[in-house]
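Visitor: Chain residues, written in single-letter form:
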Amino acid sequence: MKGGGKLALCVAIAFLGSAGAYAEQQKVGAPPEASNMRLVGTNDLQARSAYQPTIHHQGDRWIAYIGHHGGTDEIPDPVNPMSGKPEPNGTSIVDVTDPAHPQYLRHIPGQEGKYESGGAQMVRVCDGKDLPKGDRSAVYMLRTFGSEAHEIWNVADPANPALIARIGGLKDTHKSWWECDTGVAFLVSGAPDWRTRRMTQVYDLSDPAHPVKIRDFGLPGQEPGSTGAVPTELHGPISTGSSGNRVYFGYGTNKGGFLQIVDREKLLNGPKQPIAENLRYPEISRMPLSALNGAHTTFPMPGMPIAEFSHDKDGKTRDIVMIVDEAILNECGEARQMVWFADVTTETRPMMISSYTVPEASGSFCERGGRFGSHSSSESMAPVYYKKIAFIAFFNAGVRALDIRDPYHPREVGYFIPSITPATDKRCVTIEGKDRCKVAIQTNNVETDERGYIYAVDRANTGLHILELTGEARAVAGLP
Amino acid sequence: MRAWLVIAIAALVLGVLSGVAAYETSTPRETWQEIAWPFPRDGWPAGRAFRCNAVACGGDIEVYIRPKLGFCNCTTGVADDDEVDRVADVDLISTQFVPLQAGKAVLVADMPGRMRTYDLKIGDGVPHGAIGIAVSHRCDLLVAAAQGRGDAAVVQRAALELLASAETARWVKFAMNTQ
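Heads up: the protein sequence lines correspond to chains B and H, in order.
Following the working numbering, the numbering of the first sequence begins with 2 at its first residue and continues without gaps.
Following the working numbering, the numbering of the second sequence begins with 29 at its first residue and continues without gaps.
By construction, these hints were calculated from the structure, which means they are not laboratory data.
Hints are not guaranteed to be accurate.
Here chain H is said to cover these stretches of chain B; the calculated rule only asks that three of the stretch's residues, wherever they fall, bring their Cβ under 8 angstroms from a Cβ of chain H [to be verified]: (1) 108-121; (2) 425-438.
Here are the simulated DSBU-like cross-link-like pairs (lysine-lysine), alpha carbons at most 30 angstroms apart as the crow flies [claimed, not checked]: (3) 201(H) - 439(B); (4) 201(H) - 435(B); (5) 172(B) - 132(H).
A virtual CB, placed ideally from N, CA and C, is assigned to each residue, including glycine.
Just chain B, same shape as in the assembly:
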């Protein structure tokens, strides 16, 4: 080929390459991308950046409680169309009884502040009739209030919630866990005198109107008065309650993470003074991840029967923990954050057994804009999906449905990448001192209800997407 021909070929290849990348950019009006998942309904959540959704069956209604990050530089306090007033992002309460037509009921404002510094990101809900000392007619919503407090609201009438208790004076908060049958809450807090932004404050919230502190807990080196290296901060715990007697803590977010397995009874009833020895006492083991990965969600699935091992004389069932990292940086500016499965059957020797990530090339996700990588998993333990299908929020790759019946070989069986809308916020990277921005979906969290509906929420202000499984994925779950 002569020089001119080579040049023309190079230009053509470059053009096709850039056209291919461009083709992956989302456009307003374009349809969603999906496999074995279908959109049932949406709500724009008043174009507020969304974090944790919790879906609660309340009488004959299904209510979605959705936490929000703070506002954006452009719109710090979006206007609530119901009140006509600007309100700092807080908690959205949406009636999803008819998932095709979700009804926005109420916005409870959160802490003033932008992005991670404001809002009310986390939500858990317990019925008063389940809590040992709760008002049987009440439904209690535990939420964070920005970085400074945890709040408990009575949401029995979800359109008219009432604040009943507040635990304040904190320097940070994050993804807590609340046992509805005992009332024990593992609150991710930043106690002012601790050396870390996020540790655990264990509270007895069996009577939500009168919170009783049980103890502070964290890693040796984080406690007040300690010196030297400070271990990485907590992201969130998940407890298996008094019957399982374990709490699985995920530390680190996108770096140097680890799973910590803790004896719940020793944690609740052991010596409580925050000294290194007492902090070590309830710990059973730790399993470090690579320094390149963090532990955002540590979701336990004890006693999973493994078909491949069914004829083995030992080890037919395994205790599994699914660990999900959180991607932090836009446009693949860090090591890949993904999903890991650990076999913790021998608790003192937990072992990583498998992993999952969305193939980047399947959507040129590093070029789409925003974050690409995992953020969180569904945390519902309702039978409809528990130990069968896990749903992973994967930022610009949307929601991914994994067949986890054999956690040694997790397999994607469906996905849904919502369409962007005019409300979808841009995501920027800095190149030579200047911002270069793109607009892409940023599915931040996903949760399911007992009916099998899947609720995905968007960090980039696109709102709530209610989904259902179809085809093979539906068969994996055993749904009709």
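Start from chain B and add chain H according to the hints.
Guide: What follows is chain H alone, placed relative to chain B:
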């Protein structure tokens, strides 16, 4: 003749001035020798490491600098001394360090943050001083840790001199995407 004299004096003055300028800009390079990043791979890409000899800095001093992109509270920046303890890489030198006093505000390459001095425990039994520095731009951190035998104040003075040099500031701005 007089014109020649003026030209000669001007040339001499210019030569002296440029020599001074050259000395000032090249001082870090000559005083500080860049060395290989001495720590194992961790969650952040390696940064740059420098060593200053005893004659130039009053003691053998090493400084380690690196960006940590996406590791900062985007709104508050480096808000307190605990943050410096957590992020400034002093733990790479030794996990056993004790702060000597409350930290101070500092500005590095136009980025605000805090610095703090420490006593280090290292296996050789010799007292070591250290300094941790953390400054931020938007959601990103630049951290520096320095160590040397003896007085932490000497280590601090030397580290700040290195960070204030034009060459280092240029690299920092490049690495932090703030140029």
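Visitor: Does each hint hold? Answer for all of them.
Guide: Do the hints match the structure? See the list:
1. Counting residues of the region 108-121 of chain B whose beta carbon lies closer than 8 angstroms to any beta carbon of chain H gives 5, which reaches the threshold of three, so the coverage claim holds.
2. Check on the region 425-438 of chain B: 4 of its residues sit with their Cβ under 8 angstroms from a Cβ of chain H, so the three-residue criterion for coverage holds.
3. For the given pair, residue 201(H) sits about 24 angstroms from residue 439(B) by alpha-carbon distance, which is consistent with the 30 angstroms threshold.
4. Of the pairs offered as hints, the one joining residue 201(H) and residue 435(B) holds, with about 13 angstroms between alpha carbons and a cut-off of 30 angstroms not exceeded.
5. With a CA separation close to 20 angstroms, the supplied pair residue 172(B) and residue 132(H) stays within the 30 angstroms bound.
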